[in-house]
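Whole structure, please, built from the sequences with the hints as guidance.
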Amino acid sequence: MNAPHRNPENRIPEAVSRWAEPGSSRIPYWAYTDPDIYQRELQYFFYGPHWCYVGLEAEIPAFGDYRLSFVGERQVIVVRQRDGEIAVMENRCAHRGVRFCQQQRGKARSFVCPYHQWTYKLNGDLAGLPFRQGVERDGEKQGGMPADFDMKAHGLVKLRVARYGGLIFASFSDQTPSFEEYIGPAVMPWLDRIFKGRELTLLGVNRQRIPGNWKLMMENIKDPYHPGLLHTWFVTFGLWRADQRSRMVMDEHGRHAVMISQRNQGGASDVTQGVTSFKADMALNDPRLLDVVPEPWWNGPSVTMITLFPSLIIQQQVNSLSTRHIVPAGPGAFDFIWTHFGFKDDSEEMTQRRLRQANLFGPAGFVSADDGEVIELSQDGFRQRGADGSTLCELDGRDVAPTEHMVTETLIRGMYGYWRKELGL
Amino acid sequence: MSSALDQAAIDRFNARYAACLDAGEFDAWPDFFLPDAMYKIVARENYDAGLPLCILALEGHGMLRDRVYGIKNTLYHAPYYQRHVIGTALLEHHTDGSATAEANYAVFRTRPGGISEVFNVGRYIDRFKATPEGPKLAERICVFDSEMILNSLIYPL
Chain A
11 MNAPHRNPEN
21 RIPEAVSRWA
31 EPGSSRIPYW
41 AYTDPDIYQR
51 ELQYFFYGPH
61 WCYVGLEAEI
71 PAFGDYRLSF
81 VGERQVIVVR
91 QRDGEIAVME
101 NRCAHRGVRF
111 CQQQRGKARS
121 FVCPYHQWTY
131 KLNGDLAGLP
141 FRQGVERDGE
151 KQGGMPADFD
161 MKAHGLVKLR
171 VARYGGLIFA
181 SFSDQTPSFE
191 EYIGPAVMPW
201 LDRIFKGREL
211 TLLGVNRQRI
221 PGNWKLMMEN
231 IKDPYHPGLL
241 HTWFVTFGLW
251 RADQRSRMVM
261 DEHGRHAVMI
271 SQRNQGGASD
281 VTQGVTSFKA
291 DMALNDPRLL
301 DVVPEPWWNG
311 PSVTMITLFP
321 SLIIQQQVNS
331 LSTRHIVPAG
341 PGAFDFIWTH
351 FGFKDDSEEM
361 TQRRLRQANL
371 FGPAGFVSAD
381 DGEVIELSQD
391 GFRQRGADGS
401 TLCELDGRDV
411 APTEHMVTET
421 LIRGMYGYWR
431 KELGL
Chain B
75 MSSALDQAAI
85 DRFNARYAAC
95 LDAGEFDAWP
105 DFFLPDAMYK
115 IVARENYDAG
125 LPLCILALEG
135 HGMLRDRVYG
145 IKNTLYHAPY
155 YQRHVIGTAL
165 LEHHTDGSAT
175 AEANYAVFRT
185 RPGGISEVFN
195 VGRYIDRFKA
205 TPEGPKLAER
215 ICVFDSEMIL
225 NSLIYPL
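As they're listed, the protein sequences go chains A and B.
Quick note: to get my numbering, add 10 to the position in the first sequence (first position is 1).
Quick note: to get my numbering, add 74 to the position in the second sequence (first position is 1).
You may find that some hints are simply not true.
As the list claims (entries may be wrong) - Derived DSS-like pairs (lysine-lysine); straight-line CA-CA distance at most 30 Å: (1) Lys289(A) <-> Lys146(B); (2) Lys117(A) <-> Lys114(B); (3) Lys168(A) <-> Lys131(A); (4) Lys117(A) <-> Lys131(A); (5) Lys354(A) <-> Lys114(B); (6) Lys289(A) <-> Lys114(B).
As the list claims (entries may be wrong) - Simulated restraints on C-beta separations: (7) Asp93(A) <-> Leu125(B): 22 to 30 Å; (8) Thr169(B) <-> Gly310(A): 49 to 57 Å; (9) Ala93(B) <-> Arg115(A): 32 to 40 Å.
Claimed, not checked - Reference listing, derived: stretches of chain B covered by chain A, where coverage requires no fewer than 3 residues with Cβ under 8 Å from a Cβ of chain A: (10) 122-129; (11) 133-143; (12) 150-160; (13) 188-202.
Everything labelled a hint here was simulated from the structure, so no lab data went into it.
Positions of the beta carbon are idealized from the N, C-alpha and C atoms, including for glycine.
Here it is in structure tokens:
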């Protein structure tokens with residue numbers, strides 16, 4: 011596949027293509043608002059050589075189970091095959107383009123487009139269509155498809171599929187490297203820590219539409235600066251704050267990252283001086299909301315926040331585990347889909363604990379509701395200024411490198427370095 | 075049938091509940107519940123599939139008060155007005171003196187200076203008990219059809 015930026019007709023208009031500064035520590039507002047840039051992001055990142063998350067295997071355990079999901083703005087059907095494999099194909103009839111599958115989840119033996127009854131196998135192959143051979147009347151054949159109509163060439167668009175630890179990824183591109191190569195050796199161990207050798211159980215799904223550019227959510231989880239400042243619970247109860255032992259890890263391209271930290275006992279210290287969100291006298295009326303029990307597989311860190319570019323965030327924050335799927339909807343909005351999970355060998359108490367701690371996260375979360383709010387307000391700020399503004403991320407310098415602390419914006423710079431290079435800006 | 079939980083009493087209860095939240099009097103909100111009551115807000119998608127995840131699941135007055143503290147002191151958000159419209163409850167009385175009820179609700183959100191939006195639509199699935207102070211909730215499950223939350227949900231439904 012040709013990179014869109016190599017196509018001269020797809021060039022960004024001169025007025026918005028100026029990126030005045032070298033490096034990636036100042037990000038022009040148009041990176042978040044320009045519709046042409048957004049189209050190129052879809053083509054190059056979401057439909058290009060990247061693995062995009064589409065769901066958990068636990069959502070479709072049995073033959074014929076399917077769910078709808080998204081890769082970028084394209085809706086896909088994720089379906090379990092007879093042999094246990096998983097197929098992912100575009101939800102769009104090869105005949106007249108109908109997005110025919112309308113059940114979010116279900117069980118199917120085949121897929122039929124209701125418009126003209128074109129029928130597809132569970133792997134997306136075209137199985138049959140009415141009147142292909144025409145209709146016989148008075149010994150005469152009427153109509154029908156041309157003799158050279160090729161059934162094999164008119165199936166649903168099939169995506170490549172990568173399965174890892176109960177997670178399902180898909181890609182439209184033949185150029186996408188193997189999943190392991192895509193993730194890279196720096197980030198892979200942090201995925202293995204959570205997923206390797208475990209079976210996942212599904213706790214449920216929460217959805218929110220956030221009126222901001224999709225990259226703002228990636229930034230939010232590559233930004234270890236804000237949690238101990240914006241989020242009262244994190245700073246007060248020591249879940250995430252600058253005096254903790256932490257590490258910032260990224261892949262060789264700067265696109266994927268992990269923020270790793272270990273909780274402390276909270277309370278007042280140097281890092282709470284003048285921090286208005288810190289509440290020295292705050293105590294929970296019901297401590298069960300934060301009844302943290304360390305699990306053997308943690309091996310130290312109590313929190314790892316993983317960003318897999320472009321569409322997935324994986325959260326371990328104490329006993330709460332979730333995938334957060336980014337589904338872009340134009341430059342100014344995205345849907346954010348949280349799937350909470352546990353492990354098959356969890357005790358009932360652990361499941362209950364994970365569910366109680368889920369109160370901290372999601373669209374109403376004691377902690378993460380703030381993130382959606384500030385993302386909306388960031389987009390408002392970009393919109394009101396127009397193209398000549400830029401965001402600043404120069405905490406801990408202007409270059410890109412992993413760190414052994416959290417007082418840094420290096421991961422955001424890493425992502426925009428990759429973004430800028432790949433889009434040729 | 076206990077008249078303390080009759081149709082008029084439950085509908086009046088819901089009217090007072092709506093008025094309390096719409097006035098932003100969150101400190102008074104836990105008093106609509108029994109001390110060990112369960113309050114949940116859950117997407118219909120999860121509820122119908124029997125999946126336990128909620129967007130909020132609060133057990134008892136302690137957690138309800140923690141939420142109120144969060145709204146007032148810790149959750150940074152753009153403030154908004156809520157307007158609840160609650161339908162007539164469909165009631166069923168039980169031999170133990172309790173009652174279960176379902177009532178449709180629609181909640182509109184208006185940011186000061188902004189336009190009004192349909193914020194959340196669903197139904198309350200309730201369990202009531204009679205007390206000397208009138209009906210109280212032993213359980214309120216808000217099952218919402220509008221599965222996509224418009225950014226964030228800060229205040230109770």
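Is it true that the CA of Lys117(A) sits at most 30 Å from the CA of Lys131(A)?
Answer holds: Lys117(A) to Lys131(A) is near 13 Å, not above 30 Å.
Lys117(A) and Lys114(B) were given as a pair; does the straight-line alpha-carbon distance stay at or below 30 Å?
Within the cut-off at roughly 29 Å; holds.
Quick one, are Lys289(A) and Lys146(B) close enough, alpha carbons at most 30 Å?
holds (13 Å)
Under the criterion that the straight-line Cα-Cα distance not exceed 30 Å, is the pair Lys354(A), Lys114(B) satisfied?
holds (25 Å)
Straight-line Cα separation of Lys289(A) and Lys114(B) no greater than 30 Å?
Given pair Lys289(A), Lys114(B) holds - Cα atoms ~27 Å apart, limit 30 Å.
Verify the proposed pairing of Lys168(A) with Lys131(A), using a straight-line Cα cut of 30 Å.
Roughly 12 Å between the alpha carbons, so the hint for Lys168(A) and Lys131(A) holds.
If I claimed the Cβ atoms of Thr169(B) and Gly310(A) lie 49 to 57 Å apart, would that claim hold in this structure?
holds (55 Å)
If you look at each residue in the region 188-202 of chain B, do at least three have a Cβ nearer than 8 Å to any Cβ of chain A?
This one is violated; 0 residues, fewer than the three required, reach chain A with a Cβ under 8 Å.
Three or more residues of the region 150-160 of chain B near chain A by CB distance under 8 Å?
Coverage by chain A holds for the region 150-160 of chain B (3 residues, Cβ < 8 Å).
Go check the region 133-143 of chain B versus chain A for me, would you? Three or more residues, Cβ under 8 Å, otherwise it fails.
Holds, because 9 residues of the region 133-143 of chain B bring their Cβ atoms closer than 8 Å to Cβ atoms of chain A.
Claimed coverage, the region 122-129 of chain B by chain A - three or more beta carbons nearer than 8 Å:
With 6 residues in contact (Cβ-Cβ under 8 Å with chain A), the coverage given for the region 122-129 of chain B holds.
Per the hint of 22 to 30 Å, is the separation of the Cβ atoms of Asp93(A) and Leu125(B) within bounds?
This hint holds: roughly 27 Å between Cβ atoms.
Checked against the numbered hints above, the structure breaks only hint 13 and satisfies the rest.
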